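K.L.:
Single-letter residue listing:
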Amino acid sequence: MEPHFIKGGKYEKWNPLFETLATFAFTPKLVTTSGTHIRDGVDLKRTMMTVVLALVPCLLFGIYNTGHWELAVQEGNRNLPYFAEMGAKFLTGLTIVLPVIVVSYGVGLTIEFMFGMIRGHSLHEGFLVSGMLIPLTMPADVPLWMVGIATAFAVIIGKEIFGGTGMNVVNIALTARAFLFFAYPTSMSGDKVWMSGLGDKMATNPEGLDGFSGATALGDLASFMSDKATVAGEVVQSNEAVQNFSSEYTVWESFAGMIPGSIGETSTLACLIGAALLVITGVGSLRIILSFFAGGFVMGLLLNALGGNPYLDLPAYYHLIIGGFAFGAIFMATDPVTASQTALGKIIYGFLGGFLAIMIRVLNPAYPEGVFLAILFMNIMAPIIDHYIVQSNINRRLKRLKTA
Amino acid sequence: MSNTISIRKGLDIRLVGEATKEIREVPVTGIVGVSPLDFHGLTPKMVVKEGDIVSVGDILFYDKKKESIKFVSPASGTVKQVVRGEKRRITNILIATDGKQTAKKFDLKKISDYSSEEVKALLLESGFWSSMKQRPLDIIADPSNDAKGLFVSSFDSAPLAPDYDYVLSEDMDALQVGFDALQILMKGNVHLSSKPNSEFAKINGVTHHCFEGVHPVGNVGTQIHHIDPVNKGEFVWALNIQEVAAIGKFISSGTIDPTRKIALTGSEINTPTYLKIVKGSTMSALVEKQIEGSNVRYISGNVLTGDKKELTDYIGFYANQITVIPEGDEYKFFLTTGWLGLGFDKFSNSRLFPTFLLPKSKNFRLDTNTNGEERAFVVTGELERVFPFDILPVQLTKAAITEDIDSMENLGIYEVAPEDFALCEYVCTTKINIQDKIRQGLDLIASECM
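First to last, the sequence lines map onto chains A and B. The numbering of the first sequence is the working numbering, which starts it at 1 and goes up by one. The numbering of the second sequence is the working numbering, which starts it at 405 and goes up by one.
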């Protein structure tokens, strides 16, 4: 079959597609030509597939969590028991999450193939991961067409115009999220988008939803900064706000992810399972993950020390387990292409990322979640950090010349 | 004795087919070849022509740009052919041996009567200078420069490399004479790096250094970097320790001994062992009766830096071993032996494969498959783990690829040779031929800055 696709063959134009499928099924028979005669077993396919595997716990939990809140909306009961009707919840979640994944991969891979055919190369594996990350950062109620547009924007503007996998400046999945956040803010924030079906039901058939709130932990926290602090839809006194908050979102529930939020980000536990796989295999940088958490925690402590309103008084550890903090630290900040590339640079990059994430989250009322903005900002800053590390290496060499 | 320097960054690739400590002599018959292509950047000027009678030590050709650098015949016989390739470039000088190995007699004084300049002239005239490499650029040393030091590594840490403690165990006297000559040449700046508890520590007069750790600990480039790194405008020279012993024999006897002991290694060799050969022997004579199957790769040198050869080719000038491994030109189904398989048969520095769980005693039979296609740089921190230099390998490689001379200079191109990047090339997910890129960078530096 191969002769039809090689240069001069009947379907030469389609070679990138053929090659992609062929090299997926079989490691090609390429041999070394010069230099080292043997090569390490590792390749980009295996590397990327490992990240996808690491995302599976988040994905499975996300599906269940989405199903849970869909049922909660239908019954109008925010305190629906979490571990009941598990099969039904999972299936419901699947019907919501699966189409998002299909759209993300469908749109993204189509565009990647088009660019591959223009440039005459097979699919480069970066999108295998991006295509999974994008759905996991979306609110459950996001319209599918928005996912499609966001994916297209991220792949074309975020990546392909820079030259494809390995050339992008900012994280692809976060580009998609940022695009939606600024282009369609009503679908990406507020308290109606995080539970599937809530928006529709409120508009058409609000019966049974009296007093029902679709707010996330971060949404509630953002209200602490305003005149009217609310927790899960109920107005609370500011001196009791933190207490009410921590009984609505207990540490365990927040850590395990039994709270509303974007599809795959709520469970810190699932993220940590993924992190374990990434760190053991060496795909994800432990330096970045740890320093990111450290940065967030330090900022949290600083805010505690500052004090003055309920949000600032929220215990620092809470920041690490709510919202997309853990997901961002483990799966987004560690993207090797957009992170710092030097060992020391990674620590600085991670620390500042976590630090900024909490700063934006707490101190900027317009953006309830700061993680993705902080990481995007640090993506831009990473080359500057690296520049100074490289420069210090150069200076060491120059100094040696002078003293010699 | 100075302190032991320990190299932690690196990788010992554990291959099947280490040579057993026995020596088999391969008689010189048929044809031997000397290839000017073994010397990077050399333009040869022929001295002999087809049909000339030569003996061991007769000059075959010299360097057209630096005419004092001479290249001599390793065998006695008749010049059979001067083989030319594209653009009439000389690719090989073939000598039909007469089997007698009659050698040209040099008239030598006692070594202590020589001056530095006289030693240099003697090494140039006898062809030994062609073994002397210089840094920067990793080419034959330019005799008109002054080097700040001469570095010799007494061990090779590459996969399946020969053990010089064994190879040179009977040549300690010659080695001492060789080092004495080098001391005169270098006015004292001779550095000898050895493993802990090595016999070579008994050599007198040189500055000893002790190294331990993982490959590339035995590479002279690693040792130079940790002893006295090269700055812009400086030169250092390096010599293989077997050549030092050969120089010693030459000075003692007045004739050139063209034999060397090499290791015949690799998973496809039936009985890996040491061979005593004449330089330039044909590969087919060296691997005779040792190979089963035909789909194998013959490498003159080790698997990381050696040259691919055919059976009809000749062993390379700088090679101290031959490695034969299986070719990997076959498709591998992704779930069994391919990219998503368990991979117990693959040796990887990455923990994506279970190599790190297997006992250290397990050796691997690796083939020449690249295990993936070329990609852009994505994974970071990978090269740094096997690169024991205070140099940023990815950044330097990128500077070489983009032909950015300023960055290359700043990032340390003067200190490195392609072989220093061999492990980087092995572990790199991108499958880019990093050694080629560094060589191209060095060529650019040679033409623009030297």
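Bear in mind the hints are in silico, worked out from the structure with no lab data behind them. Just so we're clear, the structure is a prediction, and the values are computed from it rather than from any experiment. Do not take every clue at face value.
[As the list claims (entries may be wrong)] From the structure, some residues in chain A lie toward chain B, with a derived Cβ separation under 10 Å:
id, residue
1, Leu17
2, Glu19
3, Asp43
4, Met49
[As the list claims (entries may be wrong)] Calculated cross-link-like contacts (lysine-lysine; reagent style DSS-like; alpha-carbon spacing at most 30 Å):
id, chain 1, residue 1, chain 2, residue 2
5, B, Lys802, B, Lys835
6, B, Lys504, B, Lys653
7, B, Lys474, B, Lys509
8, B, Lys693, A, Lys399
9, A, Lys399, B, Lys802
10, B, Lys513, B, Lys484
11, B, Lys736, A, Lys402
12, B, Lys835, A, Lys7
13, A, Lys10, B, Lys736
14, B, Lys449, B, Lys413
15, B, Lys524, B, Lys491
16, B, Lys413, A, Lys399
17, B, Lys474, B, Lys802
18, A, Lys402, B, Lys508
Using N, Cα and C, we set each Cβ at its ideal position, and we do this for glycine too.
K.L.:
Evaluate each hint against the coordinates.
P.N.:
So, going through the hints one by one against the coordinates:
Taken as an interface hint, Leu17 (chain A) does not check out: its beta carbon lies about 15 Å from the nearest beta carbon of chain B, beyond 10 Å. For Glu19 (chain A), the interface hint holds, since its Cβ comes within 10 Å of a Cβ in chain B; the closest pair sits about 9 Å apart. Below 10 Å, beta-carbon pairs count as interface contacts, and Asp43 (chain A) has one with chain B at about 3 Å; its hint therefore holds. Because the smallest distance between the Cβ of Met49 (chain A) and any Cβ of chain B comes to about 6 Å, under 10 Å, the interface hint for this residue holds.
Annotation: proposed proximity of Lys802 (chain B) to Lys835 (chain B) holds, straight-line Cα distance about 14 Å (limit 30 Å). For the hint linking Lys504 (chain B) to Lys653 (chain B), the alpha-carbon distance of about 19 Å falls within 30 Å, and the restraint holds. At roughly 16 Å between alpha-carbon atoms, Lys474 (chain B) and Lys509 (chain B) fall within 30 Å of each other, so this suggested pair holds. Taking the CA atoms of Lys693 (chain B) and Lys399 (chain A), the gap is about 57 Å. The hint is violated against a cut of 30 Å.
This hinted pair checks out: Lys399 (chain A) and Lys802 (chain B) have alpha carbons roughly 23 Å apart, not beyond 30 Å. Between Lys513 (chain B) and Lys484 (chain B) the CA atoms are separated by roughly 35 Å; this puts the pair beyond 30 Å, and the hint is violated. A threshold of 30 Å between alpha carbons decides the hint, and for Lys736 (chain B) with Lys402 (chain A) the separation of about 54 Å lies outside it, so the pair is violated. As the CA atoms of Lys835 (chain B) and Lys7 (chain A) are separated by approximately 23 Å, the hinted pair is consistent with the 30 Å bound.
A hinted pair counts as satisfied when its Cα atoms are at most 30 Å apart, and Lys10 (chain A) with Lys736 (chain B) qualifies at roughly 26 Å. Under the criterion of a C-alpha separation no larger than 30 Å, the hint pairing Lys449 (chain B) with Lys413 (chain B) is inconsistent with the structure, at around 43 Å. Between the alpha carbons of Lys524 (chain B) and Lys491 (chain B) the distance comes to roughly 34 Å, so the proposed pair goes past 30 Å and is violated. The suggested pairing of Lys413 (chain B) with Lys399 (chain A) holds, with an alpha-carbon distance near 24 Å, which does not exceed 30 Å.
Only pairs whose Cα atoms come within 30 Å are accepted, and Lys474 (chain B) paired with Lys802 (chain B) is rejected, the gap being roughly 36 Å. Note on Lys402 (chain A) and Lys508 (chain B): the hinted pairing is violated, with a Cα-Cα distance of about 48 Å set against a maximum of 30 Å.
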